Amino acid sequence: MDFTNDLDRAMECLHKGGAFLTCKSEDKLNTMTISWGSIGFMWKKPVFTVMIRESRYTRELIEKSGEFTITIPLNDAMKEALAVCGSKSGRDIDKFKQCNLQIQEGKSTFTPIIKCKAMQYECKVLYKNTISSDSMDKDTEKKIYNGENYHTIYYGEIVNCYKGE
2 MDFTNDLDRA MECLHKGGAF LTCKSEDKLN TMTISWGSIG FMWKKPVFTV
52 MIRESRYTRE LIEKSGEFTI TIPLNDAMKE ALAVCGSKSG RDIDKFKQCN
102 LQIQEGKSTF TPIIKCKAMQ YECKVLYKNT ISSDSMDKDT EKKIYNGENY
152 HTIYYGEIVN CYKGE
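According to the numbering used here, the sequence shown is numbered sequentially starting from 2.
A few of these clues could be false.
Claimed, not checked - Here are the simulated EDC-like cross-link-like pairs (lysine to aspartate or glutamate), alpha carbons at most 16 Å apart as the crow flies:
1. 164 - 81
2. 116 - 106
3. 118 - 81
4. 65 - 27
5. 129 - 106
6. 118 - 166
7. 46 - 3
8. 164 - 64
9. 98 - 81
10. 129 - 28
11. 29 - 61
12. 164 - 9
13. 125 - 158
14. 80 - 13
15. 46 - 158
16. 65 - 28
Because the hints were derived from the structure by calculation, they are not lab data.
These figures come from a predicted structure and were not determined experimentally.
Sequences are here, hints too, so could you generate the full structure?
Here it is, written out as structure tokens:
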């Protein structure tokens with residue numbers, strides 16, 4: 002597994018178009034849109050770092066499952082689905098049904114991937130840390146959080162990555 006394969010393109014697509022962060026715990030499945038994240042090497046392992054706000058349904062699932070998948074579409078075909086998944090809660094709607102998202106079993110995780118032309122990353126949580134206003138630049142804290150709904154940063158070991166469809 003070469004986690005650096007097409008890394009420049011994957012990061013550009015993540016930043017400009019967004020990606021699906023998918024979690025599954027028991028029979029509950031949800032996905033959300035992210036555009037903040039990074040790929041690197043920590044603790045002698047390839048790591049995908051993602052941020053999830055405390056209020057998100059996906060956060061509940063990742064806390065239970067300890068894993069997630071990232072699907073970074075490589076074209077605009079999923080643009081509308083990304084918009085819905087970034088603005089609606091999985092507590093209220095079935096995003097997969099509403100957006101006609103097709104899933105496929107993960108190769109190395111219990112959590113599935115979203116089928117599309119994409120870079121696929123399967124990750125297992127190594128570490129997590131909730132952002133604290135005490136340790137954050139005050140201008141950034143005020144602009145992004147204003148004292149509420151902080152992110153938890155999840156460091157996921159990339160246990161598999163590949164191009165889908």
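So, going through the hints one by one against the coordinates:
Under the criterion of a C-alpha separation no larger than 16 Å, the hint pairing residue 164 with residue 81 is inconsistent with the structure, at around 21 Å. A threshold of 16 Å between alpha carbons decides the hint, and for residue 116 with residue 106 the separation of about 10 Å falls inside it, so the pair holds. Proposed proximity of residue 118 and residue 81 is supported: the alpha carbons are some 15 Å apart, at most 16 Å. Pair hint residue 65 plus residue 27 holds up; C-alpha atoms about 9 Å apart against a cutoff of 16 Å.
With a C-alpha separation of about 25 Å, the suggested pairing of residue 129 with residue 106 is violated against the 16 Å cut-off. Between residue 118 and residue 166 the alpha-carbon distance is near 5 Å, which keeps this suggested pair within the 16 Å criterion. Between residue 46 and residue 3 the alpha-carbon distance is near 12 Å, which keeps this suggested pair within the 16 Å criterion. With a C-alpha separation of about 27 Å, the suggested pairing of residue 164 with residue 64 is violated against the 16 Å cut-off.
For the suggested pair residue 98 and residue 81, the alpha carbons sit about 13 Å apart, so the restraint of at most 16 Å is met. Using a Cα cut-off of 16 Å, the hinted pair residue 129 and residue 28 is violated, with the two alpha carbons roughly 23 Å apart. Distance check on the hinted pair: residue 29 and residue 61 sit about 10 Å apart at the alpha-carbon level, within 16 Å; holds. A hinted pair counts as satisfied when its Cα atoms are at most 16 Å apart, and residue 164 with residue 9 qualifies at roughly 14 Å.
Using a Cα cut-off of 16 Å, the hinted pair residue 125 and residue 158 holds, with the two alpha carbons roughly 5 Å apart. About 15 Å separates the Cα atoms of residue 80 and residue 13, which keeps this hinted pair within 16 Å; it holds. For the proposed pair residue 46 and residue 158, the alpha carbon gap of about 6 Å is at most 16 Å, so the pair holds. Our distance criterion of 16 Å between C-alpha atoms is met by residue 65 and residue 28, whose separation comes to about 12 Å.
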